[in-house]
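Just need the whole structure built from these sequences, with the hints factored in.
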Amino acid sequence: MPESTRITSNRNISLKEVWQRRELIRLFAWRDIKARHKQSVLGMGWAIIYPVLMMIAFSLFFGLLVKVEHGDVPYPVFVYTALLPWLLFSEGISRMGTSLISDISLIQKIYYPRIISPLASVITPLLDCGISFLILLSIAAYFGYYPSVTLLGLLFLLPLSLLLITGIGLWIAALNAEYRDMRYLLPFLTQLWVYASPVIYPSSMIPARFLFAYGILSPMAGIIEGFRWAVLGNPFPSTLLISTCIATFLFFVTGLYYFNKKERVFADVL
Amino acid sequence: MIAIKAEGLSKWYRLGEQGMLTKRVMNAFRKQVGFWALDNVSFELEQGQALGIIGANGSGKSTLLKVLSRITAPTKGSATINGKITSMLEVGTGFHSELTGRENIMLNGVILGMRESEVKRKMDEIIDFSGIEKFIDTPVKRYSSGMYVRLAFAVAAHLDPEILLIDEVLSVGDAAFQQKSLQKMGESTQQGKTLLFVSHNMSAIRNLCQYVILLEKGKIAKFGLSAEVIGSYMKEPTGGLFPKWIALNEKLDERGTTVEMESIELVTSKDTAEVELSCPFIIRMTYKAKGYAPLSLILCDQTGEVIFNSLNNKEPNWYGKQLTEGKYISECTIPGNLLTEGIYSIFIYICIRGWTDGVTTKHLYFRAIDDGVLRGDCYVAYSGIMRPALQWITRKAEEC
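In order, the protein sequences belong to chains H and G.
For what it's worth, the working numbering labels the leading residue of the first sequence as 13, then goes sequentially.
For what it's worth, the working numbering labels the leading residue of the second sequence as 49, then goes sequentially.
Hints were generated in silico from the structure; no laboratory data involved.
We treat Cβ as the ideally placed atom computed from N, Cα and C, and that holds for glycine.
Going by beta-carbon spacing under 8 angstroms, a handful of chain G positions derived as facing chain H:
| id | residue |
| --- | --- |
| 1 | K114 |
| 2 | V115 |
| 3 | I119 |
| 4 | A121 |
| 5 | S126 |
| 6 | N130 |
| 7 | K132 |
| 8 | T141 |
| 9 | H144 |
| 10 | E146 |
| 11 | L155 |
| 12 | R163 |
| 13 | E164 |
In silico lysine to any residue, SDA-like type, Cα no more than 20 angstroms apart, as pairs:
| id | chain 1 | residue 1 | chain 2 | residue 2 |
| --- | --- | --- | --- | --- |
| 14 | H | K50 | G | R150 |
| 15 | G | K132 | H | T20 |
| 16 | G | K375 | G | L300 |
| 17 | G | K53 | H | S16 |
| 18 | G | K53 | G | K132 |
Printed below as a string of structure tokens:
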């Protein structure tokens, strides 16, 4: 029996089809990485340098000058541990958000499950995150923090953050296809969220009764504090993580729904 | 087995920009302005057949292809496609300028639906077909457009779909390479593959496709054998068929030739632009001339392709002699039982002695009608662009 395709006015994303075309995800990611490093001198080096530079800048301003109250952990490790999931998040949503627009010439000329574009665009930040993780382990070791069994918590935190990124990223990608206003909104959103998340300060600064709501509005908070728990042995952020799970669920389900609804007209509205 | 079945496919496009918030709010209160790019299109295509889609610009050809290839969803209606489908709406979809030729073969191949392992297996064959081995590890941004097209076509030619949708891509690239690609596509339909081909190139359509759909304003205006549909599409080439063409400013005054064409006329028993297949007919040229007047009559089929030309250098009275100034009439008789049904056009090439440096007149269009004289007991369609009456003789081999 040959494969049969139905074409109707209300098609839906087919998981089976995405799975069949999974090679495309890898190839798109491979294309992004290859193309990204083609005309840069430092190439892959930027994956290491960028978060380290941010760590140094934050340590100078908020660790030395402003002297943010952050507990016993030395500020550079404190902030670098948070930068890892944060950069994965901010890079992830902005790459996902612009993925359809950068693949516009493809989308208008050939069919593939459109969701492959955003899914593939998260691979690069994920690899960057992996490289930074090795740097983190060495920085942490330098300050006397060695990996413990809590490190296994990342096996839960990382997939959770990917789901959250995908949920928000799909929203932005689908909105961006139709409303280019997102181009202005997106940098603002990431700017806002970096200060609304416990990157440069600990979440313990937030009054306990607001903690749950804070975690919903700033859904990376749970994951960031989770990283500090897993890598540095800080207290387990149970309230925040519950918020994160709820927010992730909401973003993911609605994001997928909206993307699915818009998928069939991307070629017309882009 | 049915490969493609379209049922009432329709596609609505909104006209005008959506624009900013204020405009959007205002639009919400207004009636939506738009048009049906596709309007209730239904057809069936059997596996192994090749279907051409023709029509004027904006008639919905590309929209139909976009809907069938799932680039965009129809507004109404549905279609079923049985078999692995690949579409080519442009050459080199997904090529990345920073990547090398080899890398782009991989990327493009997988985008077009091949497996990575399949592309790897066919890599050498593809590079070989493209004929640009030397540059295969250079980024494609350094390629000439010709090389780019060759590479893209080499990938496309090695796809192995059961159903192939192609849009006008053959209009690029050099003639020899086009031929090679057309051949490769022709082969694929012989191997039981189904082809849907959109083009303005009527001779490519006729060579590749048995059936043709003519689209007009999003609707199927005609669906049938390619020769018939192409014929009716080419019916009104310059707003109608004329038995007589009044020439305007079609003259040559150079090196011994002075000819000013006044009219070109189709002379038949009726006074219309129609000739019956079995009847000879005359093309009459009226012109003012002085000196020499080498004339060539060129007959084209409905797609504008030249079928033959005929020179007046065997004309017994005046050819090769100096014409004294005045008006002349030349007549060229085209025998019956030579052409087949359809639209033909004729134009005249006026040139200097030696048959160079000439000018051409506009085309005179006429229709050849089957009067059935040559048919005998055959009631099915004839193929080809001519239907000459040729002599047939059969003998039993042992007796001679």
